[in-house]
Amino acid sequence: MNAPAGLKTVLKDVAKAKGLPNAHYIDPAVFEEERHHVLYANWAGIGFGKDIPEIGDAKPVDFLGMPLLLVRDEDGAINVYQNTCRHRGMILVEEPQKIRGAIRCPYHSWCYTLKGALRTTPHVGGPGTNIHDDIKRDELGLLRVRAHVWQDVVFVNIDGQAAPFEEANAGLLERWKEFEKPTFHGGAAASFKLDVKTNWKLAVENYCESYHLPWVHPGLNSYSRLEDHYHIEERGFYSGQGTLVYRQLTSEGGAVFPDFEGLSDKWDTGAEYISVYPNVLMGVHRDHTYAIILEPVALAETVEHIEIYYAEPPEHLPDGLVEANSKQWKEVFVEDVFVVEGMQKGRQGILFDGGKFSPAMDGPTHNFHHWVATNIEAGRAKSA
Amino acid sequence: MVDVRSDLDAALLAAHAKGDGFELSRLYADAADQAERDQDTDAVCFFLTQAYVSALETGLPSASVLNQRLVQYGREVVQADLMS
Ligand code: FES
Ligand SMILES: [Fe+2]
Chain A
1 MNAPAGLKTV
11 LKDVAKAKGL
21 PNAHYIDPAV
31 FEEERHHVLY
41 ANWAGIGFGK
51 DIPEIGDAKP
61 VDFLGMPLLL
71 VRDEDGAINV
81 YQNTCRHRGM
91 ILVEEPQKIR
101 GAIRCPYHSW
111 CYTLKGALRT
121 TPHVGGPGTN
131 IHDDIKRDEL
141 GLLRVRAHVW
151 QDVVFVNIDG
161 QAAPFEEANA
171 GLLERWKEFE
181 KPTFHGGAAA
191 SFKLDVKTNW
201 KLAVENYCES
211 YHLPWVHPGL
221 NSYSRLEDHY
231 HIEERGFYSG
241 QGTLVYRQLT
251 SEGGAVFPDF
261 EGLSDKWDTG
271 AEYISVYPNV
281 LMGVHRDHTY
291 AIILEPVALA
301 ETVEHIEIYY
311 AEPPEHLPDG
321 LVEANSKQWK
331 EVFVEDVFVV
341 EGMQKGRQGI
351 LFDGGKFSPA
361 MDGPTHNFHH
371 WVATNIEAGR
381 AKSA
Chain B
1001 MVDVRSDLDA
1011 ALLAAHAKGD
1021 GFELSRLYAD
1031 AADQAERDQD
1041 TDAVCFFLTQ
1051 AYVSALETGL
1061 PSASVLNQRL
1071 VQYGREVVQA
1081 DLMS
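Order-wise, the sequence lines are chains A and B.
The numbering of the first sequence is this note's numbering, which starts it at 1 and goes up by one.
The numbering of the second sequence is this note's numbering, which starts it at 1001 and goes up by one.
Because the hints were derived from the structure by calculation, they are not lab data.
Ideal Cβ positions, reconstructed from N, Cα and C, are used throughout, including at glycine.
One or more of the hints may lead you astray.
[Unchecked claim] Which stretches of chain A does chain B cover? Using the computed rule of at least three CB atoms under 8 Å from a CB of chain B, they are: (1) 101–108; (2) 118–132.
[What the hints assert, rightly or not] What follows is a list of derived Cβ distance ranges for each label pair: (3) A:67 / B:1042: 32 to 40 Å; (4) A:146 / B:1072: 37 to 45 Å; (5) A:87 / B:1011: 27 to 35 Å; (6) B:1019 / A:160: 29 to 37 Å; (7) A:261 / B:1016: 48 to 56 Å; (8) A:331 / B:1019: 39 to 47 Å; (9) A:115 / B:1010: 36 to 44 Å; (10) A:88 / B:1039: 32 to 40 Å; (11) A:160 / B:1006: 51 to 59 Å.
From just these sequences and the hints, can you work out the full model?
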């Protein structure tokens, strides 16, 4: 089901545009196109640095079928490799583990360093001979995937063709530069995930907009009303929403989380929530940030990985507050599940035409659709 | 008389089963030493290689010496950074 005609209306101004056609949510062929033209062609989030905190920590990640391996090397840097041995294509690492010395392929024991170099090729020239003229080790290191770590999120550009991360996200990096400082993951209590039966894009779209807040999050309404929110939309880059009335969580004893240092006044009561296209949702506040990686497991199956970060390590934070904050956020994110799953179901209605945006309220959502459509069209033009 | 080979085989199997890299490397290095006494170069290098891979995987300091021994037999290339 090819729908290039449909994308023309997606690319119009918000007042005239339609949403992405149903096929983008329910057609496996379009999902496959998006895999390459959207998720592999841009900087997608695949994991968190805090999951491989120490030298030698290795974590395999399956990204839409592509086997990846995250490794922290001797210099503390995060490397992402294709998790496939250069010899016969065996999967190298199947479970998260600490690599003590070399990454050894379980098949014929070719060994790689943490930096991906091919260290040895046992018996490759016959029993007891580990060298051969035609085995050029410096050409047979692990294949490296372009990676960039920002706010502890490990982003990868699988096809290697995207602009450098700092360039592709220059506007957002500038917007949030005050938050470029050390953050500390809140520990086990600051980590949770949600399995959602929806296409990954619907989670992005719902995150971008504040229109649904009074209905889906009535609890937020008492202090964070619709009129206290503003749209964030940068055509071709990112979108989301901001609030003017962020209030710090306070314990019964009156304790609050410590603030990030050196923030300007705007953040006293301001907070922003931005979809970092394609699949990372972030939020920043004076006293915590969070990132949600949307793992697009299948066409209508997404895992939301949520991790919350603070200005100081968890042992310095007020007792019980990390748990309370996670509970509060989890309630909000769980409230969103029925709508992202419901929109997925709704797209089985063959008469649905992509939908009619509110020009006043749906700009950030439209901005995402416009970006997806632009990427799809560019990808289609390239592969045509 | 004790059957040295089958004792070694049993110990190797046990170490493989446990994934005990230190023990594996030690046993294979012992086997290499024995083969050296028997002047069986191919066997020496086979066992040294097995010992070397386990040492590499486990991050043992002995990897450096094993590498050098294999290099001396012309069976491996120098991995200078193992020395550090
Ligand atoms: S497939 Fe990895 S060593 Fe053969
Ligand atoms: Fe919501």
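Hint check results:
{"no.": "1", "hint": "101–108", "verdict": "holds (count 3)"}
{"no.": "2", "hint": "118–132", "verdict": "holds (count 10)"}
{"no.": "3", "hint": "A:67 / B:1042: 32 to 40 Å", "verdict": "holds (36 Å)"}
{"no.": "4", "hint": "A:146 / B:1072: 37 to 45 Å", "verdict": "holds (40 Å)"}
{"no.": "5", "hint": "A:87 / B:1011: 27 to 35 Å", "verdict": "holds (28 Å)"}
{"no.": "6", "hint": "B:1019 / A:160: 29 to 37 Å", "verdict": "holds (36 Å)"}
{"no.": "7", "hint": "A:261 / B:1016: 48 to 56 Å", "verdict": "holds (53 Å)"}
{"no.": "8", "hint": "A:331 / B:1019: 39 to 47 Å", "verdict": "holds (43 Å)"}
{"no.": "9", "hint": "A:115 / B:1010: 36 to 44 Å", "verdict": "holds (38 Å)"}
{"no.": "10", "hint": "A:88 / B:1039: 32 to 40 Å", "verdict": "holds (34 Å)"}
{"no.": "11", "hint": "A:160 / B:1006: 51 to 59 Å", "verdict": "holds (53 Å)"}
The earlier numbered hints are all upheld by this structure, with none contradicted.
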